[in-house]
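Asks: Each chain, written out:
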Amino acid sequence: AQTVTQSQPEMSVQEAETVTLSCTYDTSESDYYLFWYKQPPSRQMILVIRQEAYKQQNATENRFSVNFQKAAKSFSLKISDSQLGDAAMYFCAYKDFGNEKLTFGTGTRLTIIP
Amino acid sequence: KAGVTQTPRYLIKTRGQQVTLSCSPISGHRSVSWYQQTPGQGLQFLFEYFSETQRNKGNFPGRFSGRQFSNSRSEMNVSTLELGDSALYLCASSLGGPSTEAFFGQGTRLTVV
Numbered sequence: 002a003q004t005v006t007q008s009q010p011e012m013s014v015q016e017a018e019t020v021t022l023s024c025t026y027d028t029s030e031s032d033y034y035l036f037w038y039k040q041p042p043s044r045q046m047i048l049v050i051r052q053e054a055y056k057q058q059n060a061t062e063n064r065f066s067v068n069f070q071k072a073a074k075s076f077s078l079k080i081s082d083s084q085l086g087d088a089a090m091y092f093c094a095y096k097d098f099g100n101e102k103l104t105f106g107t108g109t110r111l112t113i114i115p
Numbered sequence: 066k067a068g069v070t071q072t073p074r075y076l077i078k079t080r081g082q083q084v085t086l087s088c089s090p091i092s093g094h095r096s097v098s099w100y101q102q103t104p105g106q107g108l109q110f111l112f113e114y115f116s117e118t119q120r121n122k123g124n125f126p127g128r129f130s131g132r133q134f135s136n137s138r139s140e141m142n143v144s145t146l147e148l149g150d151s152a153l154y155l156c157a158s159s160l161g162g163p164s165t166e167a168f169f170g171q172g173t174r175l176t177v178v
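Line by line, the protein sequences give chains A and B.
Using our numbering, you'd call the opening residue of the first sequence number 2 and step up by one each time.
Using our numbering, you'd call the opening residue of the second sequence number 66 and step up by one each time.
The shape of chain A in the complex, shown without the other chains (with noise of 0.2 angstroms):
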């Protein structure tokens, strides 16, 4: 069965500065996808990011970014400039290939100090 860990419970940065979410997880297959959601306030799980696992390019969306390390099962989340809306929990998630079932971690609170 596959598994994802996120081993910071919390976090904190200071707003406009750089934090980093870790993720790894387990799995046997070859093909499957790899995603951060958030989940503020509000309880609505919203997708930051995705990674497919046959592309060796890191994913990038504005100010989040990826670093996929396929060999060490490592999926880590880059937020640069930090902004208080970024407050919220971030859930690392995977997914095989053909599957709707998504396996996610524990989840990081993130904290933005003004």
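Treat the hints with care, as some may be off.
As the list claims (entries may be wrong) - Interface residues of chain B toward chain A, partial, derived using beta-carbon atoms under 10 angstroms:
(1) Gly68
(2) Val69
(3) Ser96
(4) Tyr100
(5) Gln102
(6) Arg120
(7) Asn121
(8) Phe129
(9) Ser130
(10) Ser159
(11) Pro163
(12) Ser164
(13) Phe169
(14) Gly170
(15) Gln171
As the list claims (entries may be wrong) - Think about it this way: if two alpha-carbon atoms lie no more than 35 angstroms apart in a straight line, the pair counts; the simulated DSBU-like pairs of lysine-lysine are:
(16) A/Lys56 / B/Lys122
(17) A/Lys79 / B/Lys122
(18) A/Lys71 / B/Lys122
(19) B/Lys78 / A/Lys74
(20) B/Lys78 / B/Lys122
(21) A/Lys74 / A/Lys102
(22) B/Lys78 / A/Lys102
(23) A/Lys56 / A/Lys79
(24) A/Lys102 / A/Lys79
(25) A/Lys102 / A/Lys56
(26) B/Lys122 / A/Lys74
(27) A/Lys56 / A/Lys71
(28) A/Lys74 / A/Lys56
What the hints assert, rightly or not - Which stretches of chain A does chain B cover? Using the computed rule of at least three CB atoms under 8 angstroms from a CB of chain B, they are:
(29) 47-56
(30) 102-111
In short, the hints are calculated from the structure, not lab data.
All residues carry an ideal CB built from backbone N, CA and C; glycine is no exception.
For chain A, the structure is supplied; the task is to place chain B on it using the hints.
Replies: Relative to the frame of chain A, chain B by itself:
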């Protein structure tokens, strides 16, 4: 384009009762998945429906069931409620293809007393 809509947003039920939660996916999405979120267990997959058929099921007791209608709307039912069923229930919809993304609703907060 409307997002994923879950109703009701909040529910309070008594132990032993049953409850039905509803999820309306994004127009055109044929896959609907359900997740349970609790402080202790985190986010856990319940099941996924695609074109009215259950395609995948998580490790939950048979008290948890679901269905999907021809318009892709989905319902989740929990019978004989237990205190431990108190949770945020999240619904996600997607087109259902191999590389499609899941979009989540705001969830239904169920409290069992």
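Asks: So, for every hint listed, does it hold in this structure?
Replies: Evaluation of the provided hints:
no., hint, in the structure
1, Gly68, "holds, 8 angstroms"
2, Val69, "holds, 9 angstroms"
3, Ser96, "holds, 5 angstroms"
4, Tyr100, "holds, 8 angstroms"
5, Gln102, "holds, 8 angstroms"
6, Arg120, "holds, 7 angstroms"
7, Asn121, "holds, 5 angstroms"
8, Phe129, "violated, 15 angstroms"
9, Ser130, "violated, 17 angstroms"
10, Ser159, "holds, 6 angstroms"
11, Pro163, "holds, 5 angstroms"
12, Ser164, "holds, 7 angstroms"
13, Phe169, "holds, 4 angstroms"
14, Gly170, "holds, 7 angstroms"
15, Gln171, "holds, 5 angstroms"
16, A/Lys56 / B/Lys122, "holds, 29 angstroms"
17, A/Lys79 / B/Lys122, "holds, 33 angstroms"
18, A/Lys71 / B/Lys122, "holds, 27 angstroms"
19, B/Lys78 / A/Lys74, "violated, 42 angstroms"
20, B/Lys78 / B/Lys122, "holds, 25 angstroms"
21, A/Lys74 / A/Lys102, "holds, 19 angstroms"
22, B/Lys78 / A/Lys102, "holds, 28 angstroms"
23, A/Lys56 / A/Lys79, "holds, 18 angstroms"
24, A/Lys102 / A/Lys79, "holds, 25 angstroms"
25, A/Lys102 / A/Lys56, "holds, 21 angstroms"
26, B/Lys122 / A/Lys74, "holds, 25 angstroms"
27, A/Lys56 / A/Lys71, "holds, 10 angstroms"
28, A/Lys74 / A/Lys56, "holds, 14 angstroms"
29, 47-56, "holds (count 4)"
30, 102-111, "holds (count 7)"
Of the numbered hints given earlier, the model fails hints 8, 9 and 19; all others are met.
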